[in-house]
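Engineer: The primary structure of each chain is shown beneath.
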Amino acid sequence: MTSRPPKLRRRSLLTGAAAATGLLVLPGRASAQGGNKKLDGVTLHVACFSHTYSEFLRSYLPEFEQATGAKVTYETPAFPIYNQRMDIELSTGSAAHDVINVTFIYSGRWVGAGWTTPLDDFIKDHKKTPEDFDVADFLPGATAAFKDKQSRLHGIPWIADAQQAGATRYDLIEQAGFKQPDTFDAMSEMLKALKGKGGPAPFATENHYGWQFPPYLLAFGGLIFRQPPDDLHPMLDTPEAIHAAEFFSNMLREYGPDGVLSYTYDQVAQALKDGSINYSTNNETFLVRMAEPDSKVAKTCALSLMPAGPAGRFPNVASHGWGMPAAARNKDASWEFITWAMSKQLLLRMFDDKGYSSVTRASMIALPEFKQKLTINGFDGAQIYRDTLDLAGKGYTVYRTVPPYPPIDRELDIAIQNIVSQQMSAKEAMQRAQQNALRALQQAGIKL
Amino acid sequence: MAAETPLDRAAAVGPVPRVPHLGVAPRGWAQVQRRALRWGLAPALTVLALVTLAPAIWLIVSSLTPLTPTRPGSLDFSQPWQNYEQAFTSPEFVRSVWVQVKLSLVTVVLQLLIGLGIALLLERPSRLLETVRTGFLIPMVLPPIVVALIWKVLYTPAISPLHSLAAFFGVPFHSLIANADTAIWAIAVADTWEWFPFTMLMALAALQMVPKEPQEAARIDGASAIQLFWYVKLPYIRGTLVVAVLFRLIDSIKAFPLIYILTDGGPGGATEVTNYYAFVQTFNFAYWGYGAAIAMLLVAGMFILSLFISRAGGGMMIDE
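Each protein sequence line maps, in turn, to chains D and L.
Positions 1 to 448 (the numbering used here) are the ones given, in order, by the first sequence.
Positions 1001 to 1320 (the numbering used here) are the ones given, in order, by the second sequence.
Don't read these hints as lab results, they were simulated from the structure.
Take the hints with a grain of salt, since some may be wrong.
[As the list claims (entries may be wrong)] One-sided excerpt, in silico: chain D residues whose CB lies under 10 Å from chain L:
#1 Leu90
#2 Thr92
#3 Ala95
#4 Ile416
#5 Val420
#6 Ala444
Note that the coordinates shown come from a computational prediction; the quantities given were computed from them, not determined experimentally.
By construction, the Cβ of each residue, glycine as well, lies at the ideal position given by its N, Cα and C atoms.
Just chain L, same shape as in the assembly (with noise of 0.2 Å):
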């Protein structure tokens, strides 16, 4: 008997549908289509997966465990939650979490409120306030190590130019980070310093874009300068506004230089925010499993924030 060729195996299955116009059956074109989608999806997801989701999945794996390099066979999964439970227990890292709410919060809206102030200020178009806004952006542009390194000078009473100043106005203050009292909200300034031409740059660019239109409009009814950036310029704004906040409050969580340089968390822990913590536990201590953890209700945390943020500023958004 001769072999069954495509063509006797089309014959029993009958005619099939054409698509209009191709004259190709749907079902294969799909399947093409389909199996073209993974080939072409296959090399980006194999990456993604080697670079994200392999370390992603350590870090979840390894936080149900004591996992510490001194202690061999502590890559043990019986009491999966215990890194957890300790967290939650644990004064240092309540604390930190109440240090890094504080710390974000207000960086967050200082550099907020400053990046927007100065962007408003900038707005118009001049080859001067061009220069100038070049020079607000050298803070954000320099290395973070750089950045601490100037506000430790500035904040070290020996040799800072500020305290000598304030002294010769009859003002003298004393060490900021050595005080348990102002030590995070000098990191605060510092980072503020450092971070808030972000937002200035954010805002500019969304202010420019705000259409000409209604802006003359309302000049026109005789809006003041703020009724016009209340009533026009914000609305058109408000969108780009939530994405930095957002990106400055993800950011913010990852403090650290500023940290490590000029207070080491001190004095007695008072700067001591969440990832710096995790970094002491898992690096000074070893405490791999328990760092993991602490990175995991991080991870999580900014997850429900940017969610809970991102559809409050969602909902914001003009209409265009």
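Just chain D, same shape as in the assembly (with noise of 0.2 Å):
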């Protein structure tokens, strides 16, 4: 069951945005005395890859700008290169940038080796920070990834990508007698039934099997590393890890188009758009496409919680969120930026003006808005995002954000797509990948 975040209207949100608004002009966040602003004469380089998001934050930027006196200097490289750049950048010291999206997958690594500020002193002041900005309305799901040992936050999330399950063509499944499955056996009894049957391919996941396939191996009761972060020890050679590679590799093959190792993450997802797949777990913003206009399955398409196996429910939840290098020159500013991005006013604005909905803001969440635009065909999309999100607040998604999860993530590439393509069985697929991961983990100076 999930706990009901703190009820905010929009009136009051959007009466709220207008007096911060307000306020921006006068002297508490921008103009100080003699009509000079907070932040004159300050350049902020600030730093997000390629996104709806941080597309849609770019339109705002000139009212920061104004408000404050800074001046901003925004890139947003595609997904890989921001990476690889702030990857460098960060473990060089470098404080070229003042503000920085912490991704997720390399949340571990650049929060863990210290390369980024706590946010928690700033959080406390409240002369650094607006009164309304509340921090705790921050889903524990989605800050989780930028937590460091001692519990210190390193980023404020802007999206949580949640996994749920979705169907495209949900009258197929009805006809076969099925309805949205809450279990892998309904799963595969229903995949089952809808092959063969003429219409689209029953299932399909991107081949992206480091982030496809954990949920399944917890579901199935196996684990990654033995007790992430502290004891890092590979755990893919167990039997529930085989048994689900097994289980996840069958229903590629037996249900997956042709090719279906080749697809990537957009091609599942405009796959969702034509109906050419039928069912697939999948993130939550591939998944609400379906219900685009220009999507052909809008009146036909589904949504449900990502499916259990015999240990539970594990969906993924992957958060993004702006943060500072720990070299950054002009802190006060770079959390200043921060705040006003991550406002409950701009946020609101963004959904209301861009219909921006992957927000990690409980009250957001609530809103009797966010709730009508996230319902599709009778699912309560809105709910499902936040069960999804309570779900990965217990903390079992940990084990992606520790440094050296990338080679095991690549581990899991390769073991799937050898099982698929039937050049090694289950078991010697993940005992080659646990091999290989101790080797990587040895490489990587992790101590087992």
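Put the two chains together into one complex; each comes in its own frame, and the hints tell you how they fit.
Structural biologist: What follows is the structure in structure tokens.
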């Protein structure tokens, strides 16, 4: 059961937004005596990867500049380029950027190595943080990735990409006598029934199996590491892990479209919109696109929680957040930007103006407007989203954010490819993954 | 006492031999020449050192350490050969070398044969053939990412005109890039399509330099087209073909965009060439030292291979 967030009405928020806009030009945030603005002469170098959100934010930047007097240089390179560049910059103690996106898969490395700034001192300081900023409003499932060992927060999440289950042709599922499956057994039976009926390929996921497969592995009772983040001994060749790999690979091989191993995330997103695959466990941002006006399946799509396995339900949640490099020169100004970008007022305006829905504030998810927008063909997407974030709040996604995870991610990719393409049995593939994972962890200097 | 002048010093040394015609002391002139050479080359050598040698030296140095940005103090020289030992004992690295050999061999041979074959067909002077030649160059001038995307479409069964056509003629086939047995050949075909124009262009240029007289003489003597090519043209163009092979071989080892877009090294590592393996180790896992060692091994391998090919090719050159 999920806890209810504090009620926050849109009207009160909009009133607040207007007031906040007024405040921006008043002494509190912006202007100082004599007409000088708070950040006059300051240039903030802000970087994020290219994303719908980062592009939405770009259009509001002139307001920040006008209100504070700061000049913002804003870069949004592609995801891999951003990550590689920032990884190098942060590792070399560069002060080239004042505000950065802390990328989920790198959060363990960046936060763990002390390359980002803990934000707690800024959050606690009422002179630096507006009263209504309310950090507690950000869902624990979204903030978990940005906490260090002392539980200090290093990033304010602007997105929580939550894994759910979606069907493009729910009409066919109903005709076959099924509902959105709640368990792996039900899902397996449903896919078997859908196969060979002449409709779309029953199942597909993107070919980043290091992301797609772990929820299955955990749901079958397996583990990636023995006890992350302290004990990183890999556990990829346990009977549970092998069984999960067999199950997941079998679904891809038996029910996936021809060439399923080459399906990238954008291909799956497109296949979902044009109805060439029916069912997928995938990220919320891709699944909600099934209901877009140009989608061929807008009237027949359905959503549900990620199905549960014998050991429970473990959907992925990946959050990205605004943070500051440890070497940032003007951290007060950086924090000023972050509190502005993640303020309730601005997020609500982005939701109203641009339809941005991957929000991480509990108060926004509870808004009737939000619920209405995310309700698709009677399926309450807002509640599914909220429940998924609550599940992730239990902390099982910590395996993804430990610094040496990337090689394990790659090994899982290769293992599933080997099984689906029948180059190896599940046992052989997972044993090989285990051996390679051990070697990779030793190479990373992890004592096992 | 008066200060010693240069003339006094010269008188003390005695007469110096003169250079005929110039009347300049040979030692002094040689020094001037050497100094001028040094000063003249200095800017170019400085740029070369900064742009080429410094990064190369850094590559060598870092390959002797387990350098990774995630571990402070990892620029550690206590076990300088560990990256190299690790590479040679890693099944993934060994497999990547084998995949690389397969891909390089197949693509270079295919590109040479197709490029040379088409060059022979297009050799005659004709306005129409000139236009056709230009058309053949298109794949080579396209950005590599665009080439990769074209083949991604062709190899994706759901949207591929190739698959649709095959199905129409009753010979459907499964995805080539998702199958471990066919993925490397699919990459090789795409790479050959992209780069055979290069060998074609080189061969065409060489063919046009072959003197007409021996060709006419051979024709008068009744040589067939095959004999004409084998005994007259080929000896003249061998050197150029060797250079083309060398270029393509070096480039094939740098193969990246096609693999990145089409297979990401999969399925199950079936298309992970050494270059791609180094990329994953360096940029996905941040093992900079290990990635540098792989790069050094690639450079060494390429150097040896180039030396071997250029020597072999040099021996085949016609003595004009």
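Engineer: Each hint needs a verdict: does it hold in this structure or not?
Structural biologist: Hints and how they fare:
1. Leu90: OK, holds: D:Leu90 within 10 Å of chain L, min 8 Å.
2. Thr92: This interface hint holds because 7 Å falls under the 10 Å limit.
3. Ala95: 16 Å, violated
4. Ile416: 9 Å, holds
5. Val420: With Cβ-Cβ at 7 Å, under 10 Å, it holds.
6. Ala444: Constraint on D:Ala444 satisfied, holds at 7 Å.
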